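S.K.: In case you want the letters, here they are:
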Amino acid sequence: MTVADRNRAAVEEMMKIAEEIYNDLKNSRIPELVIPSRTKSNIIFDERHRVWKYGKNTSTRSAVSLAGAYMLLRTVYTIDFIKKMIDQKKSSTLRELYYISEGWGEGKFSSQDDSDRLAEDLEILTKKLREDMRLRPEEDGARVIGDLVVEEITRKGDKRRIHCQDDVGDSGYSIPYNVEKEKVKIKETNAKIVMAVETGGMFDRLVENGFDEKRNAILVHLKGQPARSTRRFIKRLNEEKNIPVVVFTDGDPWSYRIFASVAYGAIKTAHISEYLATPSAEFLGVTPSDIHNYELPTDDLTKEDIAALKSELSDPRFKDDFWENEIKLQLKMGKKSEQQALAKYGLDYVTDVYLPEKLAEMGYEI
Amino acid sequence: MHSIAEGLAKKQRKISVAEFFERNKQILGFDTSTRALITSVKEAVDNALDACEEAGILPDILVELKSIDDDEYLIIVEDNGPGIVRKQIPHVFARLLYGSRFHSLKQSRGQQGIGISAAVLYSQLTTGKPTVVTSKIGDGFPAHRCTLLIDTKKNRPEILHDEMTHWEKSSGTRIELAMRGSYVRNRKQSVYGYLRSTAIVNPHAHITFIEPNGNKIVFERVTDKLPPQPREIKPHPYGIELGTFIKMAKESKARKLTSFLSSEFSSVSLQKAKEIIKIAGLDPSISPNKISLEDAKRIVDAFKKVKLMSPPTDCLSPIGEILIKRGLRKEMDALSPEFISTDKRNPSVYSGIPFMVETGIVYGGNLPADERVEILRFANRVPLLYQEGDCVITRGIKNMDWRRYGLQQRGGKGIPFGPAIILVHISSVNIPFTSESKEAIANVEEIEKEVKLSLQQCARKMKGHLSKKDRKVKAKNKFTLISKILPEIAKKSSEMLGKPTPPIDDVITKIMNIIWIDDDVQYEDGKIKSTISITNYKNKPQSFELYAALPDERELGEIKPEAQKVEEEYIMWKIEKIKPAEKIELSFQLMGMEKGDFEENILYVRGIDPVNVIGAEKWEGD
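Residue numbers (our numbering), protein chains in the order written: chain A, 519 to 884; chain B, 96 to 717.
Any given hint could turn out to be false.
[As the list claims (entries may be wrong)] Below, in silico cross-link-like pairs of lysine-lysine (DSS-like), each with a Cα-Cα straight-line distance of 25 Å or less: (1) LYS601/A to LYS586/B; (2) LYS853/A to LYS876/A; (3) LYS602/A to LYS348/B.
[Stated by the list, open to error] Listed next, the stretches of chain B that the computed footprint assigns to chain A, with coverage defined by at least 3 CB atoms under 8 Å from CB atoms of chain A: (4) 537-543; (5) 581-587; (6) 593-605.
Just so you know, these hints were derived from the structure itself, not from any lab.
None of these values were measured; they are calculated from a predicted model.
All residues carry an ideal CB built from backbone N, CA and C; glycine is no exception.
All chains, please: the whole structure from these sequences, using the hints.
M.R.: Here you go:
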């Protein structure tokens with residue numbers, strides 16, 4: 519399937535939605551669309567893909583309410599816009615979608631959150647990816663450094679081979695927004711492990727200390743909550759090249775959510791978890807136990823941190839012994855640490871002591 | 096050798112009026128320099144209003160404050176009242192506890208007669224300067240100008256100057272007194288705040304206020320009608336105290352006990368008088384002047400054992416709902432309030448003393464939404480500015496659950512929060528104040544109950560307005576939906592699919608599925624025309640009863656179409672089988688109204704599920 523084929527299939531599915539709304543009106547029915555509820559309480563574990571997906575609860579966007587009617591109007595306008603855009607072989611960012619709606623009269627979005635959410639709704643309704651509708655996020659995926667060769671189709675249509683150590687600068691290979699096979703092929707690699715790193719500071723520390731070469735690791739910078747393409751790229755490395763994935767973040771509730779979105783799937787994108795999540799990914803640290811064992815410098819948990827930790831205790835994705843013990847431990851300590859707090863013991867400590875110890879503990883021989 | 100008692104007696108004699116004053120500054124209302132100014136203005140204005148009303152003159156009052164020094168002000172209060180005869184001037188202004196109202200049971204502002212002379216004394220104690228009073232009792236009479244001091248040893252006036260003078264006014268009184276004080280603005284406890292509040296509950300008064308900086312504020316009059324003159328009533332046996340009873344008996348001109356009881360008390364017939372005396376076990380023919388303390392006790396006890404009618408209540412002079420509303424609307428104009436509701440209770444009685452509660456609530460506009468509501472307390476048309484926490488009015492407000500009426504209140508107790516001002520006016524022939532400063536009303540169960548009942552009624556009206564507004568917003572959303580959004584969806588989707596635009600009428604009826612009631616109130620030449628329109632957006636004919644609430648003190652004009660019932664409080668129309676998409680109009684007129692007296696209808700429905708109706712509430716019964 520080429521990129522154009524995928525686009526055509528997406529348009530076809532979207533037009534079915536427009537037709538459904540039209541037929542409701544024609545047959546004197548109040549138009550409505552039924553979408554799975556996108557909440558924490560409506561995600562269930564998919565045994566086959568070993569990821570978290572939406573459950574059976576649905577919410578109805580009905581023209582009986584003003585909000586529902588606005589949503590339906592915006593839906594038809596958005597479908598019309600995407601169809602015309604694809605016809606003209608263009609693409610747009612989610613932000614551009616929001617701004618373009620300025621000209622839609624009553625169909626105008628009230629905020630970008632609304633338009634982003636509608637794009638996700640369309641993915642759910644059509645079972646097609648946003649990328650297939652040629653909608654891009656604002657930011658590209660993150661950076662990669664390691665012993666890995668990728669082949670990218672450039673915008674001129676040429677194939678280009680890139681070695682992610684030799685052909686890139688210190689900032690690494692930049693993951694494009696579309697990482698499907700039609701755009702990016704993963705070629706040779708000898709890496710033993712993929713290490714996803716939350717902060718830029720730690721990523722640069724590992725690069726400067728030559729961790730990728732010494733330990734034969736592919737380092738991926740997550741840039742906070744990782745973009746879809748970053749998660750998709752990690753998943754493909756894991757599945758196609760059979761390389762284990764570990765996630766190295768700060769030791770606070772928000773970082774655990776970053777790990778969860780890499781390993782289990784995010785609540786917002788649970789409809790495409792099987793594309794994005796890497797179920798075998800493991801959390802390396804910083805764990806609350808690490809804070810204790812390594813005697814790391816700490817900050818006090820804020821009110822928001824505590825609320826987030828408590829919310830994670832009721833999040834089905836964190837329902838296992840490891841997370842329950844660690845979260846409870848952290849609530850008891852009332853402390854959190856950043857990954858860069860390891861610098862307490864010197865700049866090389868993280869690469870010479872902490873990571874080797876942790877990896878060995880997890881059973882990796884690198 | 097002197098005895099201890101003799102020593103004490105000597106000391107007691109040494110306590111002069113000035114010392115008495117110094118010790119009781121707080122209860123007299125002169126404990127701070129800010130309050131001293133307010134209290135003095137208040138006493139003078141209260142006297143002026145009382146004098147004008149007694150003489151049947153529409154009050155026209157000037158209040159002026161001049162700065163003499165950093166902390167010294169000259170207070171001038173001038174009225175157009177009947178004036179005071181020359182002989183009385185020194186006694187009225189320069190003698191404590193001198194007043195005509197001390198023993199009277201009649202609704203009036205001043206009750207103790209300590210007021211204005213206390214201000215004169217405070218003036219004298221803080222500045223050493225005399226007070227100047229000018230008064231004229233009518234055209235053809237000269238004006239008298241007296242310069243006075245109080246002889247604090249003897250509690251007697253001392254006249255420094257007394258001259259006849261020319262005054263343009265046909266009658267009136269002017270007092271000028273200097274005192275130490277400090278002038279504040281922009282809060283309730285200020286001269287301005289007092290005058291503004293006074294203007295609200297005295298809509299017949301015209302008050303001009305000149306501030307120390309020369310700024311002139313005029314509180315206009317909103318009605319030319321003077322309040323009816325309150326009648327003096329005789330004491331009712333249920334509320335009488337032994338001391339007062341003995342005093343009355345000693346001073347009585349009646350020859351026999353029976354005639355004393357039946358002629359000098361309310362609600363006591365000759366029959367009842369005999370019954371009382373029989374229960375007391377006394378001889379009905381003895382002279383009341385000769386009864387012993389023991390006899391008096393027996394009679395007062397006997398009072399409680401007979402069943403008596405309540406005292407007459409036509410002795411009270413309430414303000415009235417419409418005038419309260421006009422007063423509030425005028426003084427709160429800058430806040431552009433969204434809604435003003437008022438309520439008036441029927442007279443009630445505590446310990447044999449008649450009283451009456453009136454309330455008002457100002458809601459919305461520029462009032463702060465997250466602060467405690469402002470409470471305006473009044474007793475016999477006088478604003479109460481201090482000791483809010485000790486007052487039965489505040490207690491009544493605190494003990495009501497305001498949450499159900501749309502205000503915030505933690506745990507359903509305490510002073511509520513929200514964009515509202517609550518006004519409570521209590522009129523009575525004898526207001527049970529907690530102290531001489533007359534700033535708080537004592538905790539009388541009957542009064543608290545009446546305050547709560549009245550405020551509940553007022554709050555219900557406010558809530559009715561709010562939920563109506565809320566539902567109208569929802570309904571307006573639905574109109575946007577069916578008139579704009581739905582046609583757009585039909586147009587856009589058909590365009591995209593290259594198909595004809597589908598008709599959407601059926602879907603519209605399905606989405607609306609309500610009875611829509613709208614109302615409009617128009618004012619023209621003293622008439623208010625209220626029009627109510629009903630549209631059926633349901634898919635079947637509907638029948639129900641519609642009730643329109645009527646305001647207090649109104650005169651009904653034309654009602655169209657003929658109503659099935661017209662009562663004191665409402666008009667009721669029977670709506671028979673209004674067809675889908677049909678619209679019908681009802682209207683009524685109110686005569687002799689002013690703009691703003693009636694601003695929106697409060698509508699109720701019966702015989703239909705109120706969920707299906709927008710613009711009217713469920714009828715709760717008469």
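S.K.: Next step is simple, just say for each hint if it's right about the structure.
M.R.: So, going through the hints one by one against the coordinates:
Proximity of LYS601/A to LYS586/B is assessed by CA-CA distance (about 17 Å); at most 25 Å being required, the pair is judged to hold. Among the hinted pairs, LYS853/A with LYS876/A is consistent with the structure: their alpha-carbon atoms are about 21 Å apart, no more than 25 Å. Distance restraint check for LYS602/A and LYS348/B: the Cα-Cα separation of roughly 107 Å exceeds the 25 Å cut-off, and the hinted pair is therefore not satisfied. Check on the stretch 537-543 of chain B: 0 of its residues sit with their Cβ under 8 Å from a Cβ of chain A, so the three-residue criterion for coverage is violated.
For the stretch 581-587 of chain B, the stated coverage by chain A holds: 5 residues have a C-beta nearer than 8 Å to a C-beta of that chain, and at least 3 were required. Look at the stretch 593-605 of chain B against chain A: 6 of its residues bring a Cβ nearer than 8 Å to a Cβ of that chain, three or more, so the hint holds.
Hint compliance for this structure: hints 3 and 4 are not met, and every other hint is.
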